[in-house]
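Engineer: For reference, the chains in residue letters:
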Amino acid sequence: MKIAIIDYGMGNIHSVAKALEFFGAAISVTNKKNDIAGCDKIVLPGVGAFDDAMAELEKQGLDMVIKEQVKNKKPFLGICLGLQLLLEDSQEAKDKKGLGILKGRVVKFKAGAGQKIPHMGWNDLKVISGDCSLLSGLPTGSQVYFCHSYYPSPLDESIIAATTDYGLEFPCVLWKENVYGVQFHPEKSQAVGLKILENFVNLC
Amino acid sequence: MLSKRIIPCLDIKDGRVVKGVKFLGLRDAGDPVEVARAYDAQGADELVFLDITASFENRKTLVSLVERIARNIFMPFTVGGGIGDIEDIRNILNAGAEKVSLNTQAVKLPELISASAKRFGSQCIVVAIDAKRKGDSWEVFINGGRTPTGIDALVWAEKAARLGAGEILLTSMDYDGTKDGYDLELTKEVTQKVNIPVIASGGAGKLEDFYDVFTQANADAALAASLFHYQEYSVKQVKEYLKERGVAVRS
Chain C
1 MKIAIIDYGM GNIHSVAKAL EFFGAAISVT NKKNDIAGCD KIVLPGVGAF
51 DDAMAELEKQ GLDMVIKEQV KNKKPFLGIC LGLQLLLEDS QEAKDKKGLG
101 ILKGRVVKFK AGAGQKIPHM GWNDLKVISG DCSLLSGLPT GSQVYFCHSY
151 YPSPLDESII AATTDYGLEF PCVLWKENVY GVQFHPEKSQ AVGLKILENF
201 VNLC
Chain U
1001 MLSKRIIPCL DIKDGRVVKG VKFLGLRDAG DPVEVARAYD AQGADELVFL
1051 DITASFENRK TLVSLVERIA RNIFMPFTVG GGIGDIEDIR NILNAGAEKV
1101 SLNTQAVKLP ELISASAKRF GSQCIVVAID AKRKGDSWEV FINGGRTPTG
1151 IDALVWAEKA ARLGAGEILL TSMDYDGTKD GYDLELTKEV TQKVNIPVIA
1201 SGGAGKLEDF YDVFTQANAD AALAASLFHY QEYSVKQVKE YLKERGVAVR
1251 S
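Chains as they are written, first to last, in the numbering used here: chain C, 1 to 204; chain U, 1001 to 1251.
Simulated from the structure, these hints should not be mistaken for laboratory data.
Keep in mind that the hints are not guaranteed to be accurate.
In silico BS3-like pairs for lysine-lysine, Cα to Cα no more than 27 Å straight-line [stated by the list, open to error]:
1) Lys1243/U to Lys195/C
2) Lys1243/U to Lys103/C
3) Lys126/C to Lys1236/U
On the chain C side, residues computed to face chain U include the following (Cβ under 8 Å) [said to hold, decoys possible]:
4) Asn12
5) Leu138
6) Thr140
7) Ser142
Note that the Cβ used here is the ideal one computed from N, Cα and C, for glycine as well.
All chains, full assembly: derive it from the sequences and hints.
Structural biologist: Written as structure tokens, this is what we have:
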């Protein structure tokens, strides 16, 4: 089992790499097309602004690689910004489209709903898709670490595998066939997060 | 429901923990990774590492330390101390910190807040404010609390939030080290002024202090150092106390 962690200069890869290794995966931290194509699974992390991240992916030709690999049914996990990039566009970036692998957009939490922005800290998962392998062993109420101002709003609600309540119930795990995305940081969510990464390693 | 956070803070110098941590059973109580692991086991929600090293060479030590921490603990942490520009911020975030904390440089160059928030997102930019009572307001101090600025702390908090800070780390210089509890008045004023999370810091001495700062001053998180380092209370004890009294904490 070899997992590519796409390294495009946008954020932290060390915790993800170490956790996946711990569960027995060989890791390739890479921005090379052939390396990515040679791996069994792909992780797209990401911290930063949507437009910068997308521009970086495009500059390095990684957008095409990701689309191609996803089309080939390779298991794919987007984390935080890495999830948001899967959608078509974001309120954070007017002039930059996302990868468009999932239909829908990324929207900002509304101010004045009594909730502070960013949504920062530990909050509960509400599991919607009990058969989502990524969430195997994690009951509703499991807590994960969030650190974000924007959240995904997919067109097709049936791909929402879990939600979180923060003034409104927003999607925090998306799942469509081989594509998974989490808005929180599993690599920073202690035991619960590690279970999710273990589930990703063990996906068939 | 979003939990209130309990955050131990570690001072780091030349890659080592200073202000000794008196944990039993640690092989090396000066190793930030060992100490971080111990707090991870206690159920700390986040950690803050404040680098009190000044020199350029040691900044590199800090980045490699951040990488080592990120490889060993799977919890969020913030790194602050001497961060001067976008490049410093990028290096620390890429090394695996969740957030960076800006203090002196943000006061000297407020554009750093807006530039870094635009580049990396507000969610990873913390502005640390050291505030000291002056008449009926509070003054911002920089350079580790040594230099008064004449800036009003509430005005500064509001400005920092407007520029794109994602969180305020608010330290009361009057209460820091006293163990008399957090500065509820200051914390409350700031949480009313800004719509971003506020971490209260300075003065924690008893279990009630945590309860008070969450329920009376609406803090989103409470930071403490010596209280935890000297094992007067564990993070777990604080959380059990809060949970019994109906405060949402992560168990």
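Engineer: Hints first: check each against the structure and report whether it holds.
Structural biologist: Comparing the hints with the structure gives:
1. Lys1243/U to Lys195/C: It holds: about 25 Å lies between the C-alpha atoms, which stays within 27 Å.
2. Lys1243/U to Lys103/C: 41 Å, violated
3. Lys126/C to Lys1236/U: Distance of about 25 Å is within 27 Å: holds.
4. Asn12: At about 4 Å, which falls below the 8 Å cut-off, the nearest Cβ of chain U leaves the hint on Asn12/C intact, so it holds.
5. Leu138: Violated. Min distance 15 Å.
6. Thr140: Given a least distance of 13 Å, the restraint on Thr140/C is violated.
7. Ser142: 10 Å, violated
When the structure is compared with the earlier hints, violations turn up for hints 2, 5, 6, 7 and for no others.
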